[in-house]
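**Student:** One letter stands for each residue in the lines below.
Protein chains: 2
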Amino acid sequence: MKVLITGGAGFLGQLLATRLLDRGFLINKIGVAEPLSELILFDLIPANDFGDPRVRVITGNISDLSTIQQLLSKEVTSIFHLAAIVSGQAEEDFDLGMSINLDASRHLLDVCRSLGHVPKVVFTSSVAVYGGVLPELVLDSTALNPKSSYGAQKAMAELLLNDYSRKGYVDGRVLRLPTITVRPGKPNQAASSFVSGIIREPLNGMASICPVQSSLRIWVSSPDRAVESFIHGHDLPIEEIANNRTINLPGVSVTVNEMMSALEEVSGKEVVDLITVKPIEIIERIVKSWPGAWDDTRAKKLGFKGDAHFVEIVQNYISAHLHSFTK
Amino acid sequence: MKVLITGGAGFLGQLLATRLLDRGFLINKIGVAEPLSELILFDLIPANDFGDPRVRVITGNISDLSTIQQLLSKEVTSIFHLAAIVSGQAEEDFDLGMSINLDASRHLLDVCRSLGHVPKVVFTSSVAVYGGVLPELVLDSTALNPKSSYGAQKAMAELLLNDYSRKGYVDGRVLRLPTITVRPGKPNQAASSFVSGIIREPLNGMASICPVQSSLRIWVSSPDRAVESFIHGHDLPIEEIANNRTINLPGVSVTVNEMMSALEEVSGKEVVDLITVKPIEIIERIVKSWPGAWDDTRAKKLGFKGDAHFVEIVQNYISAHLHSFTK
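If you read the sequences in order, they're chains P and D.
The end of the first sequence is residue 327 by the numbering used here, with every number in the run present.
The end of the second sequence is residue 327 by the numbering used here, with every number in the run present.
Check the hints yourself; a few may be wrong.
Copies of the same chain are indistinguishable here, so a pair counts whether it falls within one copy or spans any two.
In silico lysine-lysine, DSS-like type, Cα no more than 30 Å apart, as pairs [as the list claims (entries may be wrong)]:
#, residue 1, residue 2
1, Lys147, Lys300
2, Lys167, Lys186
3, Lys305, Lys147
4, Lys301, Lys288
It should be emphasised that the hints constitute simulated quantities derived from the structure, not laboratory data.
Note that the structure is a prediction, hence the values are computed from the model and not measured.
So here's chain P without its partners, still in its complex pose (with noise of 0.2 Å):
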């Protein structure tokens, strides 16, 4: 089995890649366990190839058409669709989060079209679709109404890979990330960027900046239950999704301060203190259009799994990224 992940060389893509690798098969479309025998990683610049034979690492343009058609024949079977313009660029740069977040995915569905093998592809949307006045809790039947560039091009792009899968062109799976944390790395230019910085800068003992008000709830996940996720929604049984193939993936829901209590707990004051709240308009705006909490019901019938608590999410950081860390 042939799996491409466009996005290939982003944080998630390469852990999805190591998780791949490490299981070694996904389940095809007749719903049998199917070894990898080659992983495409696609991205902008060279992704890692971990030294593994099945490993092919391409680059380029996913904006580009022909690029595309290059990358993909009927021998890809399944596709995970992380390639994508975070919330902060895309707000800045109109044309650019357009193309990439609306255009490429659909050159993407057309080759697969026109290719005519229906292949799995997995999409992975965002809180970003949310937006305006939302309940406290945010249900499944919820209209979607984003407030940023991203959330409305992340929004058509559901539409797109519901109505490509609708007519038979693919076998789509949209999931809906809670904001992922802890990114280990640098800062990127994602409005929720600081939702990670907070917790991975003073834990090197570096300063960090919070952009939004303490007292702001937000849902997240970790990075590990976000690519558990990829792969569980990858192998679903289309049946049980098939009247609605976008699905609101489990999450925490935390204030910055229960956030910096967290790693007051695991870490102590003098970590925290590395902190200063400082709300900066641009990036509050839009991550406070985001729903503070989503019902995750349905996902976890589905068997999908979240963390359970943001505690948790913090230790695992740790232990992945700082073993040498000690409070």
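Starting from the known structure of chain P, fit chain D onto it as the hints suggest.
**Tutor:** Coordinates of chain D only, in the frame set by chain P:
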């Protein structure tokens, strides 16, 4: 004030044109009634100009970007974007639907954006954006889950209108229409074409097929009320809808049985006997996915007006289009 109607040769486009010409003004951006100096009716086929010197008839294909570039200028400060591929046709010809219902809408918005004059854009959407498992009464807060390509394309265009408005590129107003009945003239390729046909054809002494079970509930509006709503939606001060520019317009909820009873009440049993109920799977599947009623409280609070009941809709059709008709 120069005004553009796309789909200007269509039934609703022509009806809107006559109303605008009669009225002679629209409320402009700064809230002032401004005389209509030019009304551009754009469509694939030449629109009727009603012998009015203010009308300019232009033909062309709206899917062509350069055509839209020629059509628009900074002087065109109000656009009624009605051009669309109807539901049945969009289901049959996926690419044509995408090209007109999505791409052309985006081109129109992009040209407005490049001109930089932030025109008012009234966009007509549809019941078809809803679908799947729906509550008996759809609320403004109910999630979209379109089960037709037409519905998916309209939903994507709604998101575009909202995001281009939020970014300040246009002043968009999205009006979701009930199924319009009674349309004069001939059947079209809308899945809902029969909703007019089962009234219009029998009144003309012709047999008519109802392709859905007669217990099916439909959310309808007369053409007159719809066109009044286009004008009202255009004129509405933007402060009143800034947080959500998408409005579910008033309608009347009727079953096909109730429609037939109303027709009988107005025109007698021999007229209704011309209708044969004979479900056609592809039409029934699409029309059944649409809501039978939605909550129009918000629209009514905003001053949009609906029909009183279906009998009135039939009576108004008769007096407008069948003056000589007597029971």
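**Student:** Next step is simple, just say for each hint if it's right about the structure.
**Tutor:** Here's how the hints hold up against the structure:
Taking the closest pair of Cα atoms, Lys147 and Lys300 come within 30 Å of each other both inside a single copy (27 Å) and across two copies (25 Å). In this assembly of identical chains, Lys167 and Lys186 lie within 30 Å of each other by CA distance solely across copies; the values are 29 Å between and 41 Å within a copy. Proximity of Lys305 and Lys147 under a CA criterion of 30 Å is satisfied in both settings, with 28 Å inside one chain copy and 29 Å between copies. For the homomeric pair Lys301 and Lys288, the shortest alpha-carbon distances inside one copy (29 Å) and between copies (28 Å) are both at most 30 Å.
Checked against the numbered hints above, the structure violates none of them.
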